[in-house]
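*Asks:* Now for the letters of each chain:
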Amino acid sequence: MTTSIMIVGVGGQGTLLTSKLLGDVLAAQGYDVKLSEVHGMSQRGGSVVTYVKYGDKVYSPIVDQGEADYILSFEILESARWISYLKVGGVLLTNSQKIWPMPVITGAMAYPEGILEKLSAMAEVQAVDALKLAKQAGSPMAVNVVLIGLLSKRMDIPEEAWLKAIEETVPPKFVELNKRAFRLGREA
Amino acid sequence: MKKLMLGNQAVARGLYEAGCRFVSSYPGTPSTEITEAAATYDEVYAEWAPNEKVAAESAVGASLAGARSFCAMKHVGFNVAADPLFTASYTGVNGGLVVCVADDPGMHSSQNEQDSRHYAIAAKLPMVEPSDSRECRDFVKAAYEISERFDTPAVLRTCTRVAHSQCLVELHEREERALKPYERNPQKYVAAPANSIKRHIEVEKRMEALRAFAETTGLNRVEMGDTAIGFVTSGTCYLYVKEVFPEASVLKLGLVNPLPVKLIADFAAKVDRLIVVEELDGVIEAHMREHGIRVDGGKDLFGYLGELSQNKLRKALGAALPAFKAYDETVPGRPPAMCPGCPHRGLFTVLSKLKLTVLGDIGCYTLGSGAPLNAVDSVLCMGASIGMVHGYTKMLGEEAAQHTVAVIGDSTFMHSGITGVVNLVYNRSIATVLVLDNSITGMTGHQQNPTTGLTLQNEPTYPIKIEDVCRAAGIQRVRVVDPQDMAATEAAIKEEIAADAASVIIVRRPCQMLEYVEVKPALFIDPDKCKGCRSCMKIGCPAIFFVDKKASIEPTLCVGCGLCEQMCKFGAFEGGAAK
Numbered sequence: 001m002t003t004s005i006m007i008v009g010v011g012g013q014g015t016l017l018t019s020k021l022l023g024d025v026l027a028a029q030g031y032d033v034k035l036s037e038v039h040g041m042s043q044r045g046g047s048v049v050t051y052v053k054y055g056d057k058v059y060s061p062i063v064d065q066g067e068a069d070y071i072l073s074f075e076i077l078e079s080a081r082w083i084s085y086l087k088v089g090g091v092l093l094t095n096s097q098k099i100w101p102m103p104v105i106t107g108a109m110a111y112p113e114g115i116l117e118k119l120s121a122m123a124e125v126q127a128v129d130a131l132k133l134a135k136q137a138g139s140p141m142a143v144n145v146v147l148i149g150l151l152s153k154r155m156d157i158p159e160e161a162w163l164k165a166i167e168e169t170v171p172p173k174f175v176e177l178n179k180r181a182f183r184l185g186r187e188a
Numbered sequence: 189m190k191k192l193m194l195g196n197q198a199v200a201r202g203l204y205e206a207g208c209r210f211v212s213s214y215p216g217t218p219s220t221e222i223t224e225a226a227a228t229y230d231e232v233y234a235e236w237a238p239n240e241k242v243a244a245e246s247a248v249g250a251s252l253a254g255a256r257s258f259c260a261m262k263h264v265g266f267n268v269a270a271d272p273l274f275t276a277s278y279t280g281v282n283g284g285l286v287v288c289v290a291d292d293p294g295m296h297s298s299q300n301e302q303d304s305r306h307y308a309i310a311a312k313l314p315m316v317e318p319s320d321s322r323e324c325r326d327f328v329k330a331a332y333e334i335s336e337r338f339d340t341p342a343v344l345r346t347c348t349r350v351a352h353s354q355c356l357v358e359l360h361e362r363e364e365r366a367l368k369p370y371e372r373n374p375q376k377y378v379a380a381p382a383n384s385i386k387r388h389i390e391v392e393k394r395m396e397a398l399r400a401f402a403e404t405t406g407l408n409r410v411e412m413g414d415t416a417i418g419f420v421t422s423g424t425c426y427l428y429v430k431e432v433f434p435e436a437s438v439l440k441l442g443l444v445n446p447l448p449v450k451l452i453a454d455f456a457a458k459v460d461r462l463i464v465v466e467e468l469d470g471v472i473e474a475h476m477r478e479h480g481i482r483v484d485g486g487k488d489l490f491g492y493l494g495e496l497s498q499n500k501l502r503k504a505l506g507a508a509l510p511a512f513k514a515y516d517e518t519v520p521g522r523p524p525a526m527c528p529g530c531p532h533r534g535l536f537t538v539l540s541k542l543k544l545t546v547l548g549d550i551g552c553y554t555l556g557s558g559a560p561l562n563a564v565d566s567v568l569c570m571g572a573s574i575g576m577v578h579g580y581t582k583m584l585g586e587e588a589a590q591h592t593v594a595v596i597g598d599s600t601f602m603h604s605g606i607t608g609v610v611n612l613v614y615n616r617s618i619a620t621v622l623v624l625d626n627s628i629t630g631m632t633g634h635q636q637n638p639t640t641g642l643t644l645q646n647e648p649t650y651p652i653k654i655e656d657v658c659r660a661a662g663i664q665r666v667r668v669v670d671p672q673d674m675a676a677t678e679a680a681i682k683e684e685i686a687a688d689a690a691s692v693i694i695v696r697r698p699c700q701m702l703e704y705v706e707v708k709p710a711l712f713i714d715p716d717k718c719k720g721c722r723s724c725m726k727i728g729c730p731a732i733f734f735v736d737k738k739a740s741i742e743p744t745l746c747v748g749c750g751l752c753e754q755m756c757k758f759g760a761f762e763g764g765a766a767k
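Protein sequence lines, in the order shown, are assigned to chains A and B.
Residue 1 is where the first sequence starts when you use the numbering used here, and the numbers rise one by one after that.
Residue 189 is where the second sequence starts when you use the numbering used here, and the numbers rise one by one after that.
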C-alpha cells in the first residue's frame, strides 16, 4: 500500500525543503520513501511540483492524475491547476494565499474568482491562511513549515518525530520559530 | 546506514565508493548536483570546467594518469563533449573513465529532448542506465568495472526523474584505488591515422566482447511473472511498469548499449504479448526488429514525445485509469519569470523599448523572451548568440547591424562565447554583443565559473575579466554598464549598435539571489499619485500587481531595487533604494 502526496506551489516558496523534511520523517518511521522534484528553469517563480510517496515498497517516484491521497498546496491557483491529480476521496490541504502569475500581472488574464468554493465542491478541502500564521510565528518565510504542520495532523506519525526533523533540518537560530509555525499549522 | 539521496547525490556516492579521484564537469540541469556532491568528499578532486569538452578532456587526461575519472553533463552537453569522447573510444583508458549524461525527457529545463543512447551507439561506448538512486550508486561501480575490463570510457545515462528523485541508499565504504602507472604507448594514445586504423579493429573486437557480456551480466535482469504480457524496459520506465503491472513479466535492461539479443529473444519466447517501454526514441525496439525479435507494442503505443508515466502506460495498454475531477475553468499559466531585483530585467526593458532584434543564449536571461518583455528573437545552444549575430548581420548588412544585438551570460561566454568573439574580429564584423555578467552561473543554481574568482569549493582563484578577454581578442570597443541605470544602458547600446566596428558591452550587476547582494526595504506606491498608466508593469516584475486600477507592491516579494521607480512619470513610488 503506497500513499502519494503532491506538494505544489510557486518557485521560491520553499516546497523543496518541505518535501525533504517530509521525506526524512517518513524514512525515520521505517517506510520505503521516494521523492521527485524538478530543479532549474521552473524554479524561477514558475509552477513547481514535488511528489512524495511512501509505503512498504515504492516503485514510481511520480504521481499521476487521480493518484494523490493528499495535495499540499502553497497557493490557491496552484490548487486549481493540480486538483485533477487528487484521488477520489483524497484531501486537498491548501494555503489560501494568492500569488499572481505573469499572465495576470501583464493583464492578459484575470486571476480566477471563487476558486476555494469550487474546489470545496469537488473534494474534501482544508484551507488556511498560512502566510498569516507564518507571520504570527515570526516570519513570512515559515509558510512551508505551517503547511507541514497542517499535513502532519492527517498522518499517523507522532508530533515528536516532526519536531525532531525540524531541529535537524533548519538552522539552530530558526528552530523555535519553525516549531511555532509547525504547531500553528497543526492546530489550524 | 540508509540515507535519502537524490540520484545525483547517489552517483557522487558511487564515485566516492568506487575510488574515483578526479571529477570535472560543466553544470547543466539535471546533472549539476553530481559534481557539487562529489566535491564534498575530500578523497575526490572535483572542479568546474568552462565547458563539457574541457571537462571530458580533463577526465581523459586524469584517466591517462591512472586515476578513476569522471565527468557529468546534461544531454546537450554531450554534443559539446562528443569530439574527445568519440576518439577516446578508440584510444581506450588507463584508469577507469565514466561519463554521466543526464537526459531531460519532457524538457523540464532544456532546449531539446535528444536521446543520448544514440551517442553510445555512434561512439561505440558501453552505456548503463539506472532506475533509481540505489542503482545510480551501484551502476557507477559497474561502469568502472566495464571501463577497465573492456578498455573503454563507459557512459552512465540518467534522466530527470532518476537524477532528481530521492530514495533510500545504503552507504558502503570507499575502496581506495592506487593510480594505475602510466606507460607510454603512442600506438594506443596517439590518434593518428596509422594508429587509429589498428585501434578501430580493437574497438570492434571490444564491442563483440561487450555483446557477449550483455547476454550474461547481472545489469540485465529477468523477472518472470504472469506470462500473458511481458515488458522489455529500462531506467525509470521500469518503475512505471512495476507500479502499473506488478504481476507481469519484465526484462529490465541495465546495460543499454550494447543490447543483448539472445536474452531478449528467450524472454520474448516465454510471453504471449511483448511490449517495449522506453522514453523518447525506439532504440530497444529498433534493436529487436533488427534481430528479428517480435515486438507486439512499442513506439506505436507510446510515441516519441516527453516523459512516460503510470497513466500513459495504462492508457496505451487499455488498463483502467484512476478517476479524477479536473478544474472546469481555464487556469492562467505560471511560466517561470525573472526574480524581483534580477539585474537582467533592466537590460531587457531597454531592449524591449528599443525594439532590437535580440539573438539570445542559454541562461536565466532566456526568460527575457517571455511576456511582457518579449525581447528575444532566438535561442539555440550555449554560445550560439555570437555566431548567429555574425551570420545574421553579415547577410542583412549595416542597417540590420544597427538594430541587432547578441545577448550572452558570463558563464555561457566562458563556455563557448570566446571563439565567437574571435570570429567577429577575424571576419571584420560590426555586430554588437552584450555580455550579461551577473557574477554567477544562475539558472543551474549558482555555480562558480572562471569569471567569479572562486572555485567549486569556493576557494579563491584568478577572476578572468570578460573585458580583458575581449580586448585581447582584438575587440576595440569594449565598455561596461550597470543595467540598473536604464538610461545609461540605453545610451551605451545606441552608441555601440551605431558604431561601424564589432563591440562588446559588459552589462554588469550581480544576481540578486547571491548572499552578498543587499535586499533593500520594499518600495510602496502612493495610490493618490498613481495614475494607473501601467508603465511600471512593462518590466514584468512579479512583485508589482494591479488592484482597483492602481499599481501595488507585494512587500514580501519586493527587494527594493527601484527599477519600477525609473519607469514612473508621476513619482508614485516611495521608500526603498532610490530615496
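Because the hints were derived from the structure by calculation, they are not lab data.
Please note: incorrect hints may appear among the correct ones.
Here's a subset of chain B near chain A, in silico, CB distances under 7 Å, partners left out [what the hints assert, rightly or not]: (1) Q354; (2) N499; (3) K503; (4) P510; (5) R522; (6) P524; (7) A525; (8) A687; (9) F712.
Calculated lysine-lysine pairs in the DSS-like style (CA-CA distance at most 27 Å, straight line) [as the list claims (entries may be wrong)]: (10) A:K98 <-> B:K726; (11) B:K513 <-> B:K312; (12) A:K57 <-> B:K190.
Here chain A is said to cover these stretches of chain B; the calculated rule only asks that three of the stretch's residues, wherever they fall, bring their Cβ under 8 Å from a Cβ of chain A [to be verified]: (13) 422-432; (14) 720-730.
No experiment lies behind these values; they were computed from the predicted model shown.
Every residue gets a Cβ at the ideal spot worked out from N, C-alpha and C, and that includes glycine.
*Asks:* With reference to the structure, classify each hint as holding or not holding.
*Replies:* Verification of the supplied hints:
| no. | hint | in the structure |
| --- | --- | --- |
| 1 | Q354 | holds (4 Å) |
| 2 | N499 | holds (4 Å) |
| 3 | K503 | violated (10 Å) |
| 4 | P510 | holds (3 Å) |
| 5 | R522 | holds (4 Å) |
| 6 | P524 | holds (4 Å) |
| 7 | A525 | holds (4 Å) |
| 8 | A687 | violated (34 Å) |
| 9 | F712 | violated (16 Å) |
| 10 | A:K98 <-> B:K726 | holds (21 Å) |
| 11 | B:K513 <-> B:K312 | violated (48 Å) |
| 12 | A:K57 <-> B:K190 | holds (15 Å) |
| 13 | 422-432 | holds (count 5) |
| 14 | 720-730 | holds (count 5) |
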